[in-house]
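Heads up: the protein sequence lines correspond to chains H and D, in order. Those letters in the first sequence? Residues 1 to 300, by full-length UniProt numbering. Those letters in the second sequence? Residues 1 to 309, by full-length UniProt numbering.
Calculated from the structure, these hints are not laboratory results. Beta carbons are placed, not taken as given, at the ideal position from N, Cα and C, and that holds for glycine. Treat the hints loosely; a few may be bogus.
[Stated by the list, open to error] Simulated coverage check for chain H against chain D, where a stretch passes if three residues somewhere in it have a Cβ under 8 angstroms from a Cβ of chain D:
hint, region
1, 47-55
2, 93-107
[What the hints assert, rightly or not] The calculated lysine to aspartate or glutamate pairs, modelled on DMTMM-like cross-linking and capped at a C-alpha distance of 25 angstroms, are:
hint, chain 1, residue 1, chain 2, residue 2
3, D, Lys115, H, Glu169
4, H, Lys287, D, Asp70
5, D, Lys82, D, Asp70
6, D, Lys17, H, Asp13
7, D, Lys52, D, Glu272
8, D, Lys82, D, Asp207
9, D, Lys18, H, Asp13
10, D, Lys245, D, Asp143
11, D, Lys18, H, Glu172
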Amino acid sequence: MIRRRSIGNLTFDVVIYILLILLTVACFYPILHILLASFSNPSKLVAHSGVLFKPLGFTLNGYKLIFRDDSLLVGYMNTFLYVGLGTVINMVLTIMGAFVLSRRDLYFKNHFMIVITITMFFGGGLIPWFLLMKDIHLYNNLWAMVLPTALNTWNMIILRSGFQSIPVELEEAAIIDGASQAKLLTRVIIPLSKATLAVIFLYYLVGNWNSWFNAMVLLKDRDMFPLQLLLKEILVANDTSASTMGSAGGVVIDSASSATAYRELVKYCTIVVSTLPILIVYPFLQKYFVKGVYVGSIKG
Amino acid sequence: MEIIRKSTRSILKRDFKKNWFAYMLAIPVLAWFLIFCYGPMWGILIAFKDYKPLLGFSESHWVGFKHFIDFFEGPYFWRVVKNTLLLNVWGIVFGFTAPIILALLLNEIRDGLFKKTVQTLTYMPHFISIVVVCGMIHIFTADEGVVTQLLQFITGKDYSSLLGYSSFFRSIYTFSGIWQNVGWECIIYLAAMSAIDSTLYEAGEMDGIGRFGKMWHITLPQIRPVIVILFIFAVGGLMASGYEKIILLYTPMTYDTADVIASYVYRRGLRESSLSFSTAVGLFSAIVNFALLWATNKIAKRNSDVSLW
Chain H
1 MIRRRSIGNL TFDVVIYILL ILLTVACFYP ILHILLASFS NPSKLVAHSG
51 VLFKPLGFTL NGYKLIFRDD SLLVGYMNTF LYVGLGTVIN MVLTIMGAFV
101 LSRRDLYFKN HFMIVITITM FFGGGLIPWF LLMKDIHLYN NLWAMVLPTA
151 LNTWNMIILR SGFQSIPVEL EEAAIIDGAS QAKLLTRVII PLSKATLAVI
201 FLYYLVGNWN SWFNAMVLLK DRDMFPLQLL LKEILVANDT SASTMGSAGG
251 VVIDSASSAT AYRELVKYCT IVVSTLPILI VYPFLQKYFV KGVYVGSIKG
Chain D
1 MEIIRKSTRS ILKRDFKKNW FAYMLAIPVL AWFLIFCYGP MWGILIAFKD
51 YKPLLGFSES HWVGFKHFID FFEGPYFWRV VKNTLLLNVW GIVFGFTAPI
101 ILALLLNEIR DGLFKKTVQT LTYMPHFISI VVVCGMIHIF TADEGVVTQL
151 LQFITGKDYS SLLGYSSFFR SIYTFSGIWQ NVGWECIIYL AAMSAIDSTL
201 YEAGEMDGIG RFGKMWHITL PQIRPVIVIL FIFAVGGLMA SGYEKIILLY
251 TPMTYDTADV IASYVYRRGL RESSLSFSTA VGLFSAIVNF ALLWATNKIA
301 KRNSDVSLW
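Bound-form chain H, shown alone (with noise of 0.2 angstroms):
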């Protein structure tokens, strides 16, 4: 009896182990293509089909040819000006109106929570949106890259979530020492939400990184697309305009010949240096990442 039982635990675990590993190949093993390809000879690259196991030669030739030009370098500055100036007023936003939502005291305390919970229903929609960026000037300019993203609600209610599990003793104690309520917040509730806090910075920070809709339909300049803007056109060339034609998101090489080939190779080492960053960052962060789902869920 026990020793069929456990013949049964057996195969069960071994059926699970392998699915699992199954589905981590499948999900791990197209980026590892992508960097194998990244590094490969381009023309063995082109000439080759199918599953990559290591790089089919090895050249840092793509790579030479992203850092020298101009475009993406350009591309990468205006990605970091917005993501460091955006994140930024994002935080502050968010901790402003966190703190107001969290107030157990305020009278109007119910009336902001509708008026927030609200937008998560109903909206505009996207010409509406359009429209009014145009009306109050957010177009092609810096500020239409921060501000209609300056607030998350969700982020905020998440926030939220974290202010009120401060034990309100403590606040008190804090009150009855003499602390005024910028004092509270400063100096108690914003050091105690430390890993809160963490979670919102992380979520903002890869979400204006990957962001690109709203540069799409809000930018002109093309000195002023962000990376992932760039990316678009060098990896979906679906619009096909002019300076995806000859070069690969301005990319231009020089050979006629190995044209193609080359900008094949530039595809895959573009999706390496502007994803790997991030890829690189988040293991050390997952513990974050998942509390941050986890008090959005369960509080949310």
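Since the structure of chain H is already known, use the hints to place chain D on it.
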């Protein structure tokens, strides 16, 4: 009456004195909501006008439901409604269940290192930007791409770039979505599973149910509230979801399966400048969306006591 008014005023006065700092912080936050969330709601009115940029918002002529009727009677109404619904049904059948299955499998693993490795690697794709994901899809489904090659190997047929076939669009869209989000979305379920009372499993063991039985009869029912809430959200986002990815992946060749309401709004509105028409289509979609959310919530409330409101 007079007394009540007075006391309300004095309460407000006291509240403002005590909480003036919070009120000051509230001003910019509320201003942001009013401008960026409520501002566009006002603009919905142009769905009932013939909006001409030169005439401006208030000077453009009222046309009533003309744009809605144009949309309902137009050749693309059924195409975009059908595609929107079908893509989302696929998303719920495959995309919604996949993370639940992964969480159930991972929950059976006792080896901490293996579990952590699987988790780390499966939710890596979540952090890749949608532009890069679509770039990767383009690469892998190109003529010589790995996925194309695999499909040729399995079916024995010759395929060129898969994104050119409208019959493959739903599969590509749905399964790349699972690839990107399965690891991430299973976190919530795993968290819910870790909170299950272990005495339940001991009781199950006494009753002689096997490992699969425990999974089916204990773990799954225990996380049902989480599943229901996420399901309501999934249905609530039905009409609006995923347009960024669709805009990046579709081509005129695949419009007949790929074009959804949101991508149609984007194309007609911003590409072809039919601003009023496009707003009307967007409003239609928002109304249907809210109705679906409301209905799902009501059904969930009646059948499982779990609901959003």
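A quick look at each hint next to the structure:
Coverage of the region 47-55 of chain H by chain D holds in this model, with 4 residues showing a Cβ closer than 8 angstroms to a Cβ of that chain against a need of three. For a cut-off of 8 angstroms, the count of residues in the region 93-107 of chain H with a CB near a CB of chain D stands at 9, and the three-residue condition holds. Taken as a hint, the D:Lys115 and H:Glu169 pair is broken in the structure, with Cα atoms around 39 angstroms apart against an allowance of 25 angstroms. Taking the CA atoms of H:Lys287 and D:Asp70, the gap is about 51 angstroms. The hint is violated against a cut of 25 angstroms.
With a C-alpha separation of about 18 angstroms, the suggested pairing of D:Lys82 with D:Asp70 holds against the 25 angstroms cut-off. At most 25 angstroms may separate the alpha-carbon atoms for a hinted pair to count; D:Lys17 and H:Asp13 exceed this at roughly 64 angstroms. Taking the CA atoms of D:Lys52 and D:Glu272, the gap is near 13 angstroms; set against the 25 angstroms cutoff, the hint holds. Proposed proximity of D:Lys82 and D:Asp207 is contradicted: the alpha carbons are some 48 angstroms apart, above 25 angstroms.
Restraint check for D:Lys18 and H:Asp13: not satisfied, since their Cα atoms lie roughly 61 angstroms apart, outside the 25 angstroms limit. Note on D:Lys245 and D:Asp143: the hinted pairing holds, with a Cα-Cα distance of about 21 angstroms set against a maximum of 25 angstroms. For a cut-off of 25 angstroms, the pair hint linking D:Lys18 to H:Glu172 stands: about 14 angstroms separates their Cα positions.
When held up to the earlier numbered hints, the structure conflicts with 3, 4, 6, 8, 9 and fits the remainder.
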